[in-house]
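Take a look at the letters that make up each chain.
There are 2 protein chains.
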Amino acid sequence: MSLRHALLGLIAEMDGASGYDLMKVFEISLGTVWQATQSQLYGELGKLTEGGLIEVSAEGPRGRKEYSITPAGRAELRHWMVETDPKPHRRDEVLLRVFFLDQVAPEDALGYMDRMIDALSGRLDDLARLEEIVPWEEEGGLTGNGRLTMEYGKRFMAMRRDWFVWARKQYEERRPGTASEA
Amino acid sequence: MSLRHALLGLIAEMDGASGYDLMKVFEISLGTVWQATQSQLYGELGKLTEGGLIEVSAEGPRGRKEYSITPAGRAELRHWMVETDPKPHRRDEVLLRVFFLDQVAPEDALGYMDRMIDALSGRLDDLARLEEIVPWEEEGGLTGNGRLTMEYGKRFMAMRRDWFVWARKQYEERRPGTASEA
DNA sequence: GGTTGACATGTCGATACTGACACGTCTAGC
DNA sequence: GCTAGACGTGTCAGTATCGACATGTCAACC
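Line by line, the protein sequences are chains A and B.
So for the first sequence, UniProt numbering puts the first residue at 1; every next one is plus one.
So for the second sequence, UniProt numbering puts the first residue at 1; every next one is plus one.
In case anyone wonders, no lab produced these hints; they're calculated from the structure.
A quick note: this is a predicted structure, and the numbers were derived from the prediction, not measured.
C-beta atoms are modelled at their ideal positions from N, C-alpha and C, and glycine is treated no differently.
Among these hints, one or two may not hold up.
Unchecked claim - Here are a few chain B residues that sit away from chain A, every Cβ distance over 10 angstroms (derived from the structure):
1. Gly-43
2. Leu-45
3. Pro-88
To be verified - Cut-off 25 angstroms, straight-line C-alpha distance, at most; resulting in silico cross-link-like pairs (DMTMM-like, lysine to aspartate or glutamate):
4. A:Lys-87 / B:Glu-59
5. B:Lys-24 / A:Asp-102
6. A:Lys-154 / B:Asp-102
7. B:Lys-154 / A:Asp-162
8. B:Lys-169 / B:Glu-44
The whole structure should be built from the sequences, with the hints applied where relevant.
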């Protein structure tokens, strides 16, 4: 049920945002840590408004509704942040496949690991390039903690890539005689 | 839709397993990379049987049904492993909260990060202790790739703990004057 | 004046997932 | 003989999520 809190936090930070604005944030920055579809988003905005945690503070052109957080919403946000524990959502398809590596031929298994290593390397390069472009020192942006999550992403992907390289080696050592090059 | 494939892979590895047996595996080893509830599991076993990907190869006491993978199931498993790409399931409540750190008081924010650092350190200790107990060299177990995921878990938690320590420091540097000790 | 594209909100059906409940069996120990 | 506890399968209601579809507005450019 964290979409609720993601929206609450976002509206707290971006007073007067519309559903459309929020959707953009999910697509661009928040999407790396929490995904949501448009239909889910508008539905949840309705529920939050009904529940009195946010309110429509203004209406604009094209039916635009601008949302603000209410005192009740702010209280709920703080409650969530400091009085509840996040439960780790263990679901990782990439790792799941590793569990079943022995069910496919060695060349398929090695191929899978190679693809993962390449993909992770590519995404690391993308991040490095992105980091040079982003105007970090600009005022008024969501750049404060966005910077923290960016660093997290870098460490996360590097850790996964390194682990896959290690895992590939382990796999080969257990199956001597398999060609090492693809 | 990966529960389907998790079951397929598990049944391929453990021929003759029952729903109950599979549930135990989810609770103990597989649960770290993919979670499933009992109701989901039995439902999916029914669908897989209907679809001809697995079959009831024997029945035992207490209504026990033992499942085996069919050729069609094995083909689907391989298809999934080598011809489809895993989509990273981006949903991390721990990181989501970091995004909204500025919405709570500094002591709450620091408190949150400290709690996370403690929790991660604790789980790293648990893992280290667990690793010494597990009979790695035993035959017939799921220990082959379980070892890989165990190492992954260690690296993952260490990376997160280190990142939180770094993030905490970043946070404090942006807010000089906040007491550093809890 | 027309068209493209960003802005903007919503609904709907199908799945996926959760947590609780319901039911029955076999074994070991008292 | 009884009972606790593991073994074993299943249903159901409620919620979350996804992907597609429907609808309309405003600004800019040609």
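Status of the hints after comparison with the structure:
no. : hint                  : in the structure
1   : Gly-43                : 17 angstroms, holds
2   : Leu-45                : 17 angstroms, holds
3   : Pro-88                : 7 angstroms, violated
4   : A:Lys-87 / B:Glu-59   : 38 angstroms, violated
5   : B:Lys-24 / A:Asp-102  : 21 angstroms, holds
6   : A:Lys-154 / B:Asp-102 : 22 angstroms, holds
7   : B:Lys-154 / A:Asp-162 : 13 angstroms, holds
8   : B:Lys-169 / B:Glu-44  : 46 angstroms, violated
Checked against the numbered hints given earlier, the structure breaks hints 3, 4 and 8 and satisfies all the rest.
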